[in-house]
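Please put together the full structure from these sequences, using the hints given.
Number of protein chains: 2
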Amino acid sequence: MEAYEEFLQRVQDIHRLSALQGHLGWDQEVLMPSKGSSSRGEMMAWLAGKRHEQLTDARMGELLTSLEKESLDPDQAANVREMRRTYDQSVRLPKTFVESFAQARSEALIAWQSAREASDFEAFKPALTHLIALTKEKIELLGITSTPYDVLLDEYEVGMTVDDYDPLFAGLRERLVPLLQAITQAQATSNEPTLPDEMRFPVEAQKAFCEAVSENMGFDFQAGRMDASTHPFSAGLWPGDTRFTTRFDEKDPFSCLYAVMHETGHALYEQGLDHDHRFTPRGAAVSLGVHESQSRFWENQIGRTPAFWKVALPWFQSAFPDAPDWDEHTLNRIANRVEKGFIRVEADEVTYNLHVMLRYEIEKQLFNGELEVDDLPTAWNTMFKSWFDIEVPEDRLGCLQDIHWSMGAFGYFPTYTLGNLYAAQLLEAMADDLGDVDDMVASGNWQPMLEWLRPRIHQRGSQVSPAKLIEDATGAPPSPEPFLRYVERKYGALYQLG
Amino acid sequence: MEAYEEFLQRVQDIHRLSALQGHLGWDQEVLMPSKGSSSRGEMMAWLAGKRHEQLTDARMGELLTSLEKESLDPDQAANVREMRRTYDQSVRLPKTFVESFAQARSEALIAWQSAREASDFEAFKPALTHLIALTKEKIELLGITSTPYDVLLDEYEVGMTVDDYDPLFAGLRERLVPLLQAITQAQATSNEPTLPDEMRFPVEAQKAFCEAVSENMGFDFQAGRMDASTHPFSAGLWPGDTRFTTRFDEKDPFSCLYAVMHETGHALYEQGLDHDHRFTPRGAAVSLGVHESQSRFWENQIGRTPAFWKVALPWFQSAFPDAPDWDEHTLNRIANRVEKGFIRVEADEVTYNLHVMLRYEIEKQLFNGELEVDDLPTAWNTMFKSWFDIEVPEDRLGCLQDIHWSMGAFGYFPTYTLGNLYAAQLLEAMADDLGDVDDMVASGNWQPMLEWLRPRIHQRGSQVSPAKLIEDATGAPPSPEPFLRYVERKYGALYQLG
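Heads up: the protein sequence lines correspond to chains A and B, in order. Residues 26 to 523, numbered by our numbering, are exactly what the first sequence covers, in order. Residues 26 to 523, numbered by our numbering, are exactly what the second sequence covers, in order.
One or more of the hints may lead you astray.
[Unchecked claim] Computed cross-link-like contacts, DSBU-like style, restricted to lysine-lysine with a CA-CA straight-line distance of at most 30 Å: (1) B:Lys-60 with A:Lys-276; (2) B:Lys-410 with A:Lys-60; (3) B:Lys-276 with A:Lys-120; (4) A:Lys-232 with B:Lys-60; (5) B:Lys-232 with A:Lys-232; (6) A:Lys-94 with A:Lys-120; (7) B:Lys-276 with B:Lys-120; (8) B:Lys-410 with A:Lys-232.
Calculated directly from the structure, the hints in this document are not laboratory data. These figures come from a predicted structure and were not determined experimentally.
Below you can see the structure in the form of structure tokens.
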């Protein structure tokens, strides 16, 4: 199969360039000195251009056409299928466009960082307007078959459209909003434990505590790193080198802990990919939704349980000897406190998806021509008030809070909700296979859970579509029901709801 | 000039790939998790192969031939001249050879690290033997005109051969060996101050102290970083992002300080390059010898003087409040202690060049066919005994101490001595222009020195040859005399020699 060998070589070259982009991206967030930003932007744009050049090489088109007529094994077929999709999209985008977009992203990221710091939307507006204009241009170039926003949604979770998300989100809202109201009522009469205002949790101790948790989840620190950055993220990079970051708040060790559990979830997926297929789609994570299922699984379904805190309590006590004498139930209540807050990444499991839906609605309006950038803060704040019944006091706590738009990642947010749904569905299936998951978590031996995920999710890479992957792993197509069962049961028990 | 534009584009692409290699190299030394080494080696080999592919593209040859007939400005001419040399060498090396060499380097580096740790030459021997065999193959491919070792010497300082180094080194030895004997005799009756054995200098305090020194030298920390690594080094990377490393020994703050001054010297050169010419030879440092002149200038001629310690004394006292009440003269004596030690990087200015010459002699024998790898430790130890009159107790303190051979950098060491000679010559010329350098150092305002170096060395990049650059800057061709005058005067004063 000479054609396949040539194709594979080209595919690996393209993925190596992406891996270099990922590496420089990690470095940019974690280490880069401020004056390096301009040449970093230039380098990122250059890499994007080179990658695009190779991706759209006429020979790639010829090879795809010829290989599509061959009989291939499932792994080869997956690579051809995925590259066909990427190729067909890429050839629609001129190289100059790809370079401009990369450059605009780098610049917007810097503008956003200072605008967010100063809570000054006007300072971010020019860069955002430019990115939105470029994104609309991209939508035109890629070609609209239904709504413009659908083009963006498809980029992050293949096959998902407004027609899929609208009813899904409406159904979720229908049951989450009453649940939230019931919890708020119950909280009014209960005495919720909180972190003492004056208490400080030293950064070094948080680091040690979180490393212990991450290691117990199965993260291999000899094949990866944990660092600090403004915005926690995970970078697969390449075999033997997977890195994630967290952030430290001396007043709140939970912020760091759940960032670490979340990012470790992502990182375990990356560490568990089949490295024999490295630098190919087959060897890469299948979708953002599935990626998010791995992070949310560990962060919430494992991490925010009394069973987890039973195991973590001695680590917590040894890291923070000055902390109050909390037991696992108190720690778990603090970790699961439901609050109508402003910040998505700090939201509990009930409100989290409402935050996602808000961004989805805003993006839909932006790209389907119903909202101008000028009106974005007002639209955000109005919708937030109507859903959460609180006023957004400043844009830092509103439309400036997330990094995504500064990276041109429009259409990304809904995958977070998909992740929550997939995670709950995986948990039910895991329990069917392994027995009570709470018992397993409480035992401290979490290896069987990771070993259950490895062959069903991690090692399969992009062998099949996200929906097929979830169906193969759980025996049923993706559905919101397991998630709704999960939150209603969990919060029903926590707040003794009727 | 369409041809020049096309040429420039290709040159920048090649240099961007080198910059990526540099970035991954920095990461590998500073951060990489241990299990990342295999895929890092693969990535480095891939980048080397891609770079080689572009470098040896037939179109590059055509462009060079056509541009050599054009009338070019001096900057353009420098790029064509340098690329011609690189092209002519590269086309003699098959891509598979370049990839194998890169892979062998990555593997040898890992083997060397553990072999050095265990002081076990046998553990390093297979990798070293492989690298030497590949290097001999490279010499054959590049073509021998005089001796095989000359081919390697030319790679690191163009135009320098055994016929240049042999008499240069002999002349230096002739005056350094008696100087060393005189110092040793003087020390026998003097009472040299030393660091108290039980004294500890905390890492954080060393860091703060060294950062203050580096900043006063002119290093821009917003356009660079200081980190820790096993072996201090400096990485130019790219505009606005120049990084150097140091190491910390809690018993000896001088080790860190002089590593920082040395690496800051390199880093100032990189920060001072003309970034309008970025990613071209014209915009890059001209040679290793000149690079080393910048590091040694700051480390020794500025840093190991009473004038420096007059300025640094309050910083030292504030960083290390528990240190003895030393004055600047005592600190300077400790910093200039001449000792016949085993380790090159810790050597004083008198013995340093003897360490270099030893490696030069060993390499000359290795590549000119007079020494087998099996006999390397014995040859090293015998020569060391005869020059330094001390026995090497273990290979960690002998032939395993330096990183260079594990990186396939044979022929590199002599450039260190060139750097010492150039530095002394620059100091004399600077004093002619600016007046007494000691006074300037003692004033604490070191900016005029940096500003003297900027247009004469840094900004010129590879505009002219190293020898021409030194001649333009100092008014005389490179010579060992200023260095010999410098050490004889300096150590004569320190030890009151006759």
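Hint by hint, here is what the structure shows:
A threshold of 30 Å between alpha carbons decides the hint, and for B:Lys-60 with A:Lys-276 the separation of about 35 Å lies outside it, so the pair is violated. Straight-line distance between C-alpha atoms of B:Lys-410 and A:Lys-60 comes to about 50 Å, which puts the hinted pair past the 30 Å bound. In summary, the hint linking B:Lys-276 to A:Lys-120 is not supported, as the alpha carbons are separated by about 56 Å, beyond the 30 Å threshold. Restraint check: the Cα-Cα separation between A:Lys-232 and B:Lys-60 comes to about 22 Å, which is no more than 30 Å; the hinted pair holds.
For the hint linking B:Lys-232 to A:Lys-232, the alpha-carbon distance of about 21 Å falls within 30 Å, and the restraint holds. A threshold of 30 Å between alpha carbons decides the hint, and for A:Lys-94 with A:Lys-120 the separation of about 29 Å falls inside it, so the pair holds. With a C-alpha separation of about 47 Å, the suggested pair B:Lys-276 and B:Lys-120 falls outside the 30 Å cut-off, and the hint is violated. This hinted pair does not check out: B:Lys-410 and A:Lys-232 have alpha carbons roughly 49 Å apart, beyond 30 Å.
In summary, the numbered hints that this structure violates are 1, 2, 3, 7, 8.
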